[in-house]
Structures are given as C-alpha cells and as structure tokens.
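Asker: So you can see what is in the structure, the chains are spelled out below.
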Amino acid sequence: GAVVSQHPSWVICKSGTSVKIECRSLDFQATTMFWYRQFPKQSLMLMATSNEGSKATYEQGVEKDKFLINHASLTLSTLTVTSAHPEDSSFYICSARRLPHAGTDTQYFGPGTRLTVL
Amino acid sequence: ILNVEQSPQSLHVQEGDSTNFTCSFPSSNFYALHWYRWETAKSPEALFVMTLNGDEKKKGRISATLNTKEGYSYLYIKGSQPEDSATYLCAFMGDSNYQLIWGAGTKLIIKP
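So the sequence lines, in the order shown, correspond to chains Z and B. Numbering of the first sequence is given in our numbering, commencing with residue 55 and proceeding in unit increments. Numbering of the second sequence is given in our numbering, commencing with residue 144 and proceeding in unit increments.
In case anyone wonders, no lab produced these hints; they're calculated from the structure. Some clues are possibly wrong.
As the list claims (entries may be wrong) - The list that follows gives simulated cross-link-like pairs (lysine-lysine, DSS-like), each with its CA atoms no further than 27 Å apart:
no., chain 1, residue 1, chain 2, residue 2
1, Z, 95, B, 250
2, B, 185, Z, 95
3, Z, 95, B, 254
4, B, 200, B, 212
5, Z, 120, Z, 95
6, B, 185, B, 202
7, Z, 95, Z, 118
8, B, 201, B, 254
9, B, 221, B, 185
10, B, 185, B, 201
11, Z, 109, Z, 74
12, Z, 74, B, 185
Claimed, not checked - To list a few chain B residues with every Cβ distance to chain Z over 12 Å, as calculated:
no., residue
13, 210
14, 215
15, 253
C-beta: ideal position from N, C-alpha, C; glycine also.
Generate the whole structure from the sequences, applying the supplied hints.
Answerer: Below, the structure is given as structure tokens:
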C-alpha cells in the first residue's frame with residue numbers, strides 16, 4: 055500500500071511554455087502533499103507544502119506565481135511551472151503524507167519528473 | 144540555516160562486505176530523523192523513523208542508530224548484496240516547524 059504516482063516522468067518543453075505535473079496517491083488519502091526540487095548532486099529542497107482544500111505554503115525564495123500548486127482532492131496535487139525557462143530545468147518530486155501533522159509519519163514519494171526547458 | 148550532512152558522498156563495497164555511513168544533523172530542537180532508500184528510476188522508500196536518543200532500529204540486514212545529543216545517525220548494512228545498491232537519504236525534522244531537511248545522500252554501489 056501507500057503508492058504515489060507522478061506524471062509525466064519526464065518532459066521537454068520550449069522556453070515560455072507552461073508544464074503541469076500531477077501527483078496522485080493511489081491507495082490512500084493524502085491530507086498533505088509536498089513538492090520538492092533537486093539539482094544534480096544536491097539535497098531535496100522543499101518548494102511548498104499543500105493541504106487539501108487550502109492554499110499551498112511556499113518556502114522562502116520559491117515564487118508562488120511561477121510554481122502554481124493545486125491540491126483539489128485528497129488524492130491529487132498538481133504543480134504547474136508557468137512560463138518555464140532553462141533555469142527551471144530540474145528534477146521535481148512529490149510526496150504525500152496521510153496524517154495532517156505527524157512528524158514521525160512516513161512521506162510516500164512519487165518517482166519524480168525530469169523537466170528540461172530548451 | 145539548518146544543515147544535514149551525509150558522508151561519504153559515494154561508496155563502493157564488495158558484495159558480502161558490511162558497510163556503514165553517517166548522517167550529521169543539528170543537535171538542538173530535535174524531533175525525528177528519517178532514513179530513506181532511493182533506487183535509480185524508482186521512488187524513495189522509507190526505511191526508518193527514529194525519535195529517541197540511543198535508539199536502534201533494524202530491518203533485515205539494515206540497521207540504524209541515533210545519537211541526538213551529538214547530532215549523528217549511522218546506517219549499517221550487513222553482508223551487502225547487489226540489491227542494496229541505491230542512494231540512502233537521511234532527513235532531519237526539528238520541533239520548530241516539523242519540516243524535513245534532507246541530506247544529499249550516500250550513493251552505495253555493491254560490486255559483485
């Protein structure tokens with residue numbers, strides 16, 4: 055149990071276009087979902103935390119108008135990279151947590167999305 | 144700025160040998176320490192969540208220890224097998240905002 059899917063697994067787009075990435079919890083309800091970004095050989099960096107039905111909380115330095123997050127249901131969160139530029143090329147990965155606030159609860163990860171902006 | 148360091152960055156181990164690596168984290172405001180295993184092209188998978196100083200957890204041939212006073216955790220793998228090849232990530236959670244702060248991982252390669 056506790057499977058998270060992410061789609062697409064990789065995407066190449068032209069500069070200026072928008073890209074939507076979906077994160078789905080397949081067999082559980084995710085009250086909280088997290089979006090991370092990872093540059094090569096670096097740590098996972100939290101971009102934002104989203105709770106179902108409310109606005110996402112963005113980390114310092116992450117532009118909310120550029121990285122639109124929607125958590126419309128307990129099984130789906132989407133990240134839209136708007137007007138993508140080459141510097142947005144990165145590995146984006148989501149995770150989901152079942153409980154609304156439990157520091158010891160496991161986060162279940164999707165397999166990630168490799169975004170390349172030309 | 145909270146920092147989580149993992150060492151070494153990468154490690155080549157002969158099949159059958161045992162190995163260990165380190166996660167260093169802030170020694171104050173500790174709440175939990177998470178270990179994950181991330182195989183190439185797959186999703187990171189939770190190994191352990193540790194909360195108590197001196198705690199030791201075990202899952203098959205993999206075990207982990209925790210020292211919250213000095214801010215480190217060790218992950219041990221006994222009798223390494225090729226399927227152990229993966230990147231092992233640790234993440235620190237403080238009691239101020241309960242967010243995970245991730246290390247960059249230790250990439251383990253088991254040589255047959």
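Asker: Decide, hint by hint, whether the structure agrees.
Answerer: Hints versus structure:
1. 95(Z) / 250(B): holds, 10 Å
2. 185(B) / 95(Z): holds, 17 Å
3. 95(Z) / 254(B): holds, 22 Å
4. 200(B) / 212(B): Distance ~18 Å between residue 200(B) and residue 212(B) Cα, so the pair holds.
5. 120(Z) / 95(Z): Distance ~24 Å between residue 120(Z) and residue 95(Z) Cα, so the pair holds.
6. 185(B) / 202(B): holds, 20 Å
7. 95(Z) / 118(Z): The given pair, whose Cα atoms are some 25 Å apart, holds under the 27 Å limit.
8. 201(B) / 254(B): holds, 23 Å
9. 221(B) / 185(B): holds, 23 Å
10. 185(B) / 201(B): holds, 22 Å
11. 109(Z) / 74(Z): Roughly 17 Å between the alpha carbons, so the hint for residue 109(Z) and residue 74(Z) holds.
12. 74(Z) / 185(B): holds, 21 Å
13. 210: At roughly 18 Å from the nearest Cβ of chain Z, residue 210(B) sits farther out than 12 Å, so the non-interface label holds.
14. 215: Correct as stated: the minimum Cβ-Cβ distance to chain Z is 17 Å, above 12 Å.
15. 253: Answer for residue 253(B): holds, closest chain Z Cβ roughly 20 Å.
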